[in-house]
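Per our numbering, the first sequence runs over residues 1 to 284.
Worth flagging that the hints you see were computed from the coordinates, not collected in a lab.
Backbone N, C-alpha and C fix where the C-beta goes; we use that ideal spot for every residue, glycine too.
Each hint should be verified, as a subset may be incorrect.
Claimed, not checked - Simulated restraints on C-beta separations:
(1) Pro67 to Lys16: 22 to 32 Å
(2) Phe244 to Lys16: 13 to 23 Å
(3) Arg81 to Lys44: 14 to 24 Å
(4) Ile270 to Lys44: 21 to 31 Å
(5) His31 to Arg163: 34 to 44 Å
(6) Leu68 to Gln33: 21 to 31 Å
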Amino acid sequence: MPELPEVETIARGVDKRIRGDRIVQVWFSRHPQPFKTPRARQAKGLSGRAILAVHRTGKHIVFELSPLTSAPDAHEREALRPCAQWIVHLGMTGRLLVATPESPVAPHTHARLSLESGLELRFVDPRRFGRLEFRDLHRQAAFGAPGDEPLSIGQREFASLFRGRRLSIKAALLNQTLLAGVGNIYADESLFNAGIRPRRRADRLTLIELERLRLALREILTHAILLGGSSVSDYVGADGERGFFQLEHCVYQRTSEPCRRCQTPIRRVIVAGRGTHYCPKCQR
DNA sequence: CATTTCACCTGGTGGC
DNA sequence: TGCCACCAGGTGAAAT
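Could you put together the complete structure from these sequences and hints?
Structure, rendered in structure tokens:
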């Protein structure tokens, strides 16, 4: 399941390969679910625009797009101000691939963007939990994740996110309107790292515990980005390469295996409706 | 309003 | 070997 490090890895890979390229033709599947913006308006909006940059916000990949009539030269495109955005959320099983047009089209391909360079950007998503959205910045506000970025939030703001919240700390970490980008893997891993049980009420954590959690989150996410994310189930980057952070998981999907710190078997419970892994000895 | 539950999906798994 | 019930989980809507 792509979370912040996986989405960051993919956004960087896509940016590197197609920044400055131009969308010349768009094909979409007939399934309605992935299209947050109606298919026809989305296809019309994308066609003819240059891709100025690709970056991540929370778990979303944002394509900054040029105006429809723009400089023909790739150098001049860099200087253009974005006039539209294409926003991709990968859901559970979504993938963005940069391919050549003749390479076989995977099952469950929902979008194919033909580029001026001859390359093709594809969105593949078997479960169809992913979403594609188009924004015309003359008519709509630029995309902004509602929650704060866990990599840049400071000590005070982090602590204030959880004040007066009676839900579990795990549920709070998964809430994208508080923090943007944390999913099941990194919630479990950061709580282990900070020595906090997932079921603890968010508003009962001490300031010291909250700060341990913020630093654990920052460290784990940064390290995971460095390793190209966690390849569990079928996640791969834009070039089809796997990440390596799954090898460093301490609790996630390690049920009954010995804790890396104290050898106690890792426990699995359901918290906030999600499979949740923790060490009963290291986490209080 | 805050919080919890559920539906949406398909591929992989495990039981028989 | 083959079939099938079951489960994973990000998100948003519905329920509490």
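Index of numbered hints that the structure contradicts, given in increasing order: Violated: hint 4 alone.
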